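4 protein chains.
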Amino acid sequence: MPASGATISGIVAYPITPFTADGGIDHHSLHLVLDRLVDGGASAIAPLGSTGESAYLDLTEWTETAASTINHLGGRLPTVVGVSDLTTAGAARRARIAEGLGASAVMALPVSYWQLTALEVQKHFEAIAAAIDIPVMVYNNPATAGIDLSPTQLWELVRDVDNITMVKESTGDINRMHQLRELSDGTLPFFNGSNPLALEAFRAGAAGWCTAAPCLIPDQIRAFYDAIQRGDDETADAVFGRIQPLLKFIVTRGLPTAVKSGLALTGIPAGEPRRPLLPATEAEAAELSDLITASVG
Amino acid sequence: MPASGATISGIVAYPITPFTADGGIDHHSLHLVLDRLVDGGASAIAPLGSTGESAYLDLTEWTETAASTINHLGGRLPTVVGVSDLTTAGAARRARIAEGLGASAVMALPVSYWQLTALEVQKHFEAIAAAIDIPVMVYNNPATAGIDLSPTQLWELVRDVDNITMVKESTGDINRMHQLRELSDGTLPFFNGSNPLALEAFRAGAAGWCTAAPCLIPDQIRAFYDAIQRGDDETADAVFGRIQPLLKFIVTRGLPTAVKSGLALTGIPAGEPRRPLLPATEAEAAELSDLITASVG
Amino acid sequence: MPASGATISGIVAYPITPFTADGGIDHHSLHLVLDRLVDGGASAIAPLGSTGESAYLDLTEWTETAASTINHLGGRLPTVVGVSDLTTAGAARRARIAEGLGASAVMALPVSYWQLTALEVQKHFEAIAAAIDIPVMVYNNPATAGIDLSPTQLWELVRDVDNITMVKESTGDINRMHQLRELSDGTLPFFNGSNPLALEAFRAGAAGWCTAAPCLIPDQIRAFYDAIQRGDDETADAVFGRIQPLLKFIVTRGLPTAVKSGLALTGIPAGEPRRPLLPATEAEAAELSDLITASVG
Amino acid sequence: MPASGATISGIVAYPITPFTADGGIDHHSLHLVLDRLVDGGASAIAPLGSTGESAYLDLTEWTETAASTINHLGGRLPTVVGVSDLTTAGAARRARIAEGLGASAVMALPVSYWQLTALEVQKHFEAIAAAIDIPVMVYNNPATAGIDLSPTQLWELVRDVDNITMVKESTGDINRMHQLRELSDGTLPFFNGSNPLALEAFRAGAAGWCTAAPCLIPDQIRAFYDAIQRGDDETADAVFGRIQPLLKFIVTRGLPTAVKSGLALTGIPAGEPRRPLLPATEAEAAELSDLITASVG
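As you go down the protein sequences, you meet chains P, E, L and Y in turn. Under our numbering, think of the first position of the first sequence as 1, with each following residue one higher. Under our numbering, think of the first position of the second sequence as 1001, with each following residue one higher. Under our numbering, think of the first position of the third sequence as 2001, with each following residue one higher. Under our numbering, think of the first position of the fourth sequence as 3001, with each following residue one higher.
Any given hint might turn out to be false.
Claimed, not checked - Each pair of labels, with its calculated beta carbon distance range: (1) P:Asp290 / Y:Asp3022: 40 to 46 angstroms; (2) E:Ala1021 / P:Gln153: 51 to 57 angstroms; (3) L:Ala2130 / P:Asp290: 38 to 44 angstroms; (4) E:Asp1039 / P:Thr281: 36 to 42 angstroms; (5) L:Ala2130 / Y:Gly3205: 48 to 54 angstroms; (6) Y:Thr3007 / L:Thr2252: 55 to 61 angstroms.
No lab work stands behind these hints, which were simulated from the structure alone. None of the values given here were measured: they were computed from a predicted structure. Each residue gets a CB set at the ideal place from its N, CA and C atoms; glycine is no exception.
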């Protein structure tokens, strides 16, 4: 059931994981990105999601990045650490490490090479939750995970497992938001993970928006969320209209590649993504630069 | 270009990776499975594919399984070792290990958390091929990998990269088989990885069929392939009709779970799949048992 | 040459690494130990030395422990993180991780399975130092490392390599302390790592004492060091006389086993050491309890 | 008690682990070394001892090397695979892998950062033995391991633990050989691991000699052992006199460095040892070349 840990709401910002030229974690750049997110008004920080190239890090690098993020934030914002792993044992180990290092909550996607059954997904999440005492945010993203969890499945996980308290929904289907609200009678904090749906989702009652966009345009994201909070529909619409092309671009090109390219354009050298991902081409960087400029309005 | 290594054809059999009760690799059961595949007339063995739970093994377990398979076969059949990994560096390392241990060829799927661009896929495969001297089989399976490589892309990889010599196509779209044959003027050995398409694919000129079914019904698969080879369409149709429900069941339920359950039913205790995968229920095992019986005809 | 980082002096306290019942890192107990060391007046904290069972941790656990220590201290005291590893590449990687996580300095012992030549030791330390910008403390302990570095070798490393700035000497030979002072004309901060030599070493000009004893008797160690600092020989002698039997016991029994047993006796459950190390027997614990009591005076 | 596995005797040859220029395992060179050892009349092959740089390999490389050795030998000679690891769990895992890959026996040294108690050593070996069904050779080498096991301790391990069946003694103290024979009433196969003691040890009843020398001078080692076996003391003395300077050199310089240098001199490029180990200098290689020539007589 939604419990004490479920106090996260608003803009949940996703940092990339910067690499040095020799392929290690670039802590200095990571800290610059985190400071930008904090200064830009983010409500929580979610390291080691897909934007953070979590799937491409070995467990030591993952631990190093989680620790560096939590330590540098020093309690300024809550953290929701991505602990997705192909095996249940691996995800539970990551969850324990995250808790030990001081994470506020963890987030998990049922990534799987194989189509999992409903029971397999349930047992997977139960095992992660049982490994820790901090809250778990379950995450549905069929495009990435290959598994689609219905609003009912998501709600039942929250209802039945003590420290599963939040849901992140990334299908981009607004009806699911409505269903989550109805099923939970409004008690479930659900987060939207689909950038194009940000405006609609807040209007449907989403507790927050999980997005990497504040890495590049923190002020616009803050202006948008401020408008949402004070019920200023006109401004929210206007800002969202301006940032939408950028949102679409970074998702389509791939978040690590696009956000790292955009960080370089905005003064934070974040290195290249890890192969097979390739850095943005010059043409892509030019387009991105234009979109960043255009988003300011 | 198709080169010396491309002498693999026929039934490419996929063993599961059996685990002991404490979670380690069960070499004894693995050897029993391999002997059944050899005795059943398989043409090649493909360990550490998705059936082999490759994605759920750590690199040491992966190495242990590759070595145990190659060693136990002792040259009786060629091996096509799955080296898929999320990172390019990881896939190249696996390819080098497989070659060092005596694999005949390697197979790679462009698994990725992120949608890769055509150029990213190409560079990924080129890096794997450049790491070794043995042939590479490129594998297209959008349902698992999240990326769909067109026949043209697949053919260009074979045409342009020296030791990429074979293609495995698992979309289940027979038109792609025809395209591969036409694009390559009949020079490209392509393999079908979609069980329901086995009959049609051979008729479209496939060099082989990649399948885990011989783990459970080696004699039926052999009878089917013998009929194909001698052009006995009637028998091929009849056998395929009998085994199709089983093929459909094991794919739908998930190959590791279903094949391990079926092995237990047919005298080889192969343990449970690794979590999040769950073992087959009693009802599923009963259904599978009936399907195995029915396949004999 | 001794540079900015070389401001560490006094009691360099060595925490153990506590394990939970299922073998993971026990962050809660680790934090209790660290707080005791800070409250007890330690001057610096040196996690992941031999007391910290560094050699028995995998790299992820090592990273987790380094991060948890640095995070929990939050700048209250400088840290000197042990980065010893059998391979040069491994030690350099640990050094980079420690620096990234915010360590004040690193310490390295030339642990080796093989007797290293003087040139091999020199290249090893140079590679570690080259990997980072924070200071390196080189550590001589032939009993553990199997290699004995002479005062001349140690001094030359400090003199010739930019960020090697400190020496820890654990042979228990007071003459080496005198030689280090003479060779460096008093400019080299050297630390004593031999518990029985603590008093003599300070009198020979040691900058500090590296010891796990404050885990168990922080007040006595503080009283001893306060007396040393104010030149109160009589008190220093008296306190040292009282604590010496305890110092001898914990070294002889093995620091992880003895200190973990002593922590349990003094209110901090720190779990068992990792096998092959065994926990203290009841008789050993009883003896240790008496020695702790006797040390209070 | 000495059981079926204890049929290893004679020259137990230690291959180095060759690396490619980019630091991976060089399987081709490894196979050349193994063929030389087999052709040179070795009785058994002991990969992954200290000569094999086992301590410098990660677990995947260790597995790869064990598998490649066992596969390439293909049953021509029994294998005794080194499974030493700092932790008990690590050594037991290696033992299970070795058994799974088809090793004839395993060998373990109680390597430890900390001085282990007699009980800790006993429990460590019991855990390794309990993990497998193949024989265990316990190995005493205080110079490397930092722990000295008395003949009585060694004998009691063999007497009390089912599949501990052999002892390797490397102190170079001939009296220990006599004690082992007496304690076991001649039933215990003990092996000498001290090169300078080879002649004396065989005369004291040693079952075999564990040595890397056949990598460089297989014919001389065979001539020596043939003379031992037929009781031709004069020839044994003469040959041993000629090879002794070489034996001394390779031990003193460090076996991986010296043997790899010697292999290059005798036609097998084995690459460099892993850092911190450095390759032999030109002067050392010249000296080694002379010693190889002189050993022929």
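Okay, Thr3007 of chain Y versus Thr2252 of chain L on CB: inside 55 to 61 angstroms? violated (42 angstroms)
Okay, Ala1021 of chain E versus Gln153 of chain P on CB: inside 51 to 57 angstroms? violated (31 angstroms)
(message) Within 38 to 44 angstroms: is that where the Cβ-Cβ distance between Ala2130 of chain L and Asp290 of chain P falls?
(response) Check passed, 42 angstroms falls within 38 to 44 angstroms.
How does the Cβ-Cβ distance of Asp1039 of chain E and Thr281 of chain P compare with 36 to 42 angstroms: does it lie in that range? violated (53 angstroms)
_Quick check: does the Cβ-Cβ distance between Ala2130 of chain L and Gly3205 of chain Y fall within 48 to 54 angstroms?_
Since Ala2130 of chain L and Gly3205 of chain Y have Cβ atoms about 52 angstroms apart, the given range 48 to 54 angstroms holds.
| task | Kindly confirm whether 40 to 46 angstroms is satisfied by the beta carbon distance between Asp290 of chain P and Asp3022 of chain Y. | result | Holds: the Cβ-Cβ distance is about 42 angstroms, inside 40 to 46 angstroms.
Of the numbered hints listed earlier, those contradicted by the structure are 2, 4, 6.
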